[in-house]
Amino acid sequence: MNGSISASRRAVLSAGAAGALSALIARAAEAAAPAAADAKLYPTAAFGAKTEVAALKLLFGKAPKASSKIDLGVPEIAENGAVVPVTMASGLPNVTAMALLSLENPYTLACAYRLAPGTLAHMSSRLKLAKTTKVVAVVESNGALYRTSRMVKVTLGGCG
Amino acid sequence: MANPILVRAQTAHGVTTVACLVKHPMDSGFVKKAGKLIPPHYIEVIEFTHNGKTVLTGFWGPAVSRNPFFSFAFKGGKKGDTVGIAWVDNKGERAAVSAKIA
Amino acid sequence: MRRWLLLLLALAAPVAAAAAPNPAADRAAFQGWFRHLFPQLPLAKYVDGPYNFSASERAQWQQIMELPPYGFAVDHGKALFDARFPDGAGYASCFPHGGIGIAQDYPQFDPKTGRVVTLPIAINRCRVAHGLPKLKLTTGDLADIDAYMVRTSRGHKIDVVVPDTKPALAAYEAGKEYFYSRRGQLNFSCASCHLQYPGHRVRGDTLAPALGITASFPIYRSKWGNMGTLVRRFIGCNKNIRSAPDKPDSLAYRDLEYFLTAMSNGLPIAGPGARP
Numbered sequence: 001m002n003g004s005i006s007a008s009r010r011a012v013l014s015a016g017a018a019g020a021l022s023a024l025i026a027r028a029a030e031a032a033a034p035a036a037a038d039a040k041l042y043p044t045a046a047f048g049a050k051t052e053v054a055a056l057k058l059l060f061g062k063a064p065k066a067s068s069k070i071d072l073g074v075p076e077i078a079e080n081g082a083v084v085p086v087t088m089a090s091g092l093p094n095v096t097a098m099a100l101l102s103l104e105n106p107y108t109l110a111c112a113y114r115l116a117p118g119t120l121a122h123m124s125s126r127l128k129l130a131k132t133t134k135v136v137a138v139v140e141s142n143g144a145l146y147r148t149s150r151m152v153k154v155t156l157g158g159c160g
Numbered sequence: 001m002a003n004p005i006l007v008r009a010q011t012a013h014g015v016t017t018v019a020c021l022v023k024h025p026m027d028s029g030f031v032k033k034a035g036k037l038i039p040p041h042y043i044e045v046i047e048f049t050h051n052g053k054t055v056l057t058g059f060w061g062p063a064v065s066r067n068p069f070f071s072f073a074f075k076g077g078k079k080g081d082t083v084g085i086a087w088v089d090n091k092g093e094r095a096a097v098s099a100k101i102a
Numbered sequence: 001m002r003r004w005l006l007l008l009l010a011l012a013a014p015v016a017a018a019a020a021p022n023p024a025a026d027r028a029a030f031q032g033w034f035r036h037l038f039p040q041l042p043l044a045k046y047v048d049g050p051y052n053f054s055a056s057e058r059a060q061w062q063q064i065m066e067l068p069p070y071g072f073a074v075d076h077g078k079a080l081f082d083a084r085f086p087d088g089a090g091y092a093s094c095f096p097h098g099g100i101g102i103a104q105d106y107p108q109f110d111p112k113t114g115r116v117v118t119l120p121i122a123i124n125r126c127r128v129a130h131g132l133p134k135l136k137l138t139t140g141d142l143a144d145i146d147a148y149m150v151r152t153s154r155g156h157k158i159d160v161v162v163p164d165t166k167p168a169l170a171a172y173e174a175g176k177e178y179f180y181s182r183r184g185q186l187n188f189s190c191a192s193c194h195l196q197y198p199g200h201r202v203r204g205d206t207l208a209p210a211l212g213i214t215a216s217f218p219i220y221r222s223k224w225g226n227m228g229t230l231v232r233r234f235i236g237c238n239k240n241i242r243s244a245p246d247k248p249d250s251l252a253y254r255d256l257e258y259f260l261t262a263m264s265n266g267l268p269i270a271g272p273g274a275r276p
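Chains as they are written, first to last, in the numbering used here: chain Z, 1 to 160; chain Y, 1 to 102; chain C, 1 to 276.
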């Protein structure tokens with residue numbers, strides 16, 4: 001494709017360990033399967049991690065720094081813990097990957113994305129939150145990892 | 001279609017916004033029904049393409065909500081271009097759809 | 001509390017004075033009560049239910065509504081609605097205007113059977129008339145057909161007619177009686193929550209006002225993960241207050257839906273809806 005692959009390859013080299021998201025994507029691009037999702041790409045180990053540190057290590061092979069340049073949009077109180085709207089956006093340059101983590105869920109990593117060049121660092125999704133929790137947004141920019149977090153209160157509904 | 005995907009792709013000011021709603025139970029494996037755990041069943045990989053070229057690859061865990069909504073945006077894309085979405089879940093089931101940018 | 005008493009008097013007064021049911025006077029008092037509670041809230045906004053009272057909940061709802069979760073149900077409902085019955089007819093043949101844009105006229109009172117007919121019940125009647133079995137009234141295919149028919153009626157003003165006949169007025173009165181009667185171990189009436197405390201919280205949930213509450217049905221409830229008709233919600237409400245629910249096609253629920261919807265005449269159909 002273009003520059004994204006080489007960027008990913010560099011990330012793989014620096015990450016070293018197998019299972020890094022960057023490595024998986026590099027393979028995706030090389031396989032060039034048109035419009036078909038490839039199950040082999042799935043970072044199974046990262047999705048089985050029970051802490052933020054372990055999940056990020058498995059996914060990116062590195063640890064994040066705090067950043068004020070990530071907008072994490074979550075409700076203060078979730079209307080329904082099963083469907084919590086979450087938006088994340090970042091003004092950081094050259095964003096190649098993003099991820100959302102929920103620290104109190106049984107498995108910490110909720111979702112991760114690999115962005116092609118030209119794809120904006122702005123996405124919106126819905127997560128299940130098992131209980132009141134810190135939600136963490138992680139952004140990979142110019143090969144470095146950044147994070148921000150916010151609390152979401154999950155309460156019980158009264159209307160059955 | 002057993003596993004429909006609703007897609008809305010619109011372009012404005014050189015940016016195409018893609019929103020989709022995917023029909024899928026996204027069972028986490030932690031929920032009981034009649035005393036028995038419902039086994040995990042969730043989308044693992046979802047691929048978004050523009051005119052056949054990957055723009056975004058998503059990796060989802062069981063914490064993504066049932067019948068997931070997802071939206072994102074990419075630079076470029078013209079009216080009439082094709083946006084493709086394809087997913088595969090942990091049981092190997094698949095679905096794909098393509099839509100024209102409006 | 002004094003306001004509450006005033007409303008009770010207002011609702012009771014015409015009945016006591018004239019000793020005859022007067023839906024128009026009831027509606028004026030009913031809508032007047034909510035205007036009194038929330039003077040700033042335009043009448044048409046009541047169809048947004050709980051989302052009038054919390055900016056955060058409204059924002060979450062608006063995000064959900066970007067691509068509403070009932071989309072699949074509406075598409076599926078349309079496919080079912082458009083399909084032919086074995087005898088060659090279809091749902092369209094059972095309704096005025098081919099069933100499009102008519103949800104605001106339901107429930108109706110059927111003088112032949114002396115019963116209230118809600119839109120879901122009318123859909124089942126259509127099936128029976130064409131030799132098909134009835135569908136479940138609470139969820140599933142029928143709720144999806146309902147969702148499609150309601151979607152084609154969005155924005156139409158609710159226009160429930162209570163004919164000035166003894167049986168129709170009796171059904172209306174029975175629905176009103178149900179709405180205001182306390183029941184269950186918690187000793188709540190529908191009015192206890194949805195008339196007395198709209199906008200207040202019950203644990204994590206915000207109570208919707210009774211006015212306009214029917215306009216968004218059927219709803220996709222995130223908790224359910226699929227569609228449900230108004231009757232499904234009635235059953236849920238009854239269970240919440242530890243009261244034995246009535247049968248989905250019971251006269252009690254038909255009459256309640258009749259009264260409750262008639263109180264919202266003039267408000268726009270907003271369904272299908274999405275709720276937590």
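Worth flagging that the hints you see were computed from the coordinates, not collected in a lab. What you are looking at is a predicted structure, and each value in this text was computed from that prediction instead of being measured. Treat the hints with care, as some may be off.
Stated by the list, open to error - Calculated lysine to aspartate or glutamate pairs in the EDC-like style (CA-CA distance at most 16 Å, straight line): (1) K53/Y / D38/Z; (2) K91/Y / D38/Z; (3) K153/Z / D105/C.
Each hint tested on the structure:
1. K53/Y / D38/Z: Within the cut-off at roughly 14 Å; holds.
2. K91/Y / D38/Z: holds, 13 Å
3. K153/Z / D105/C: violated, 41 Å
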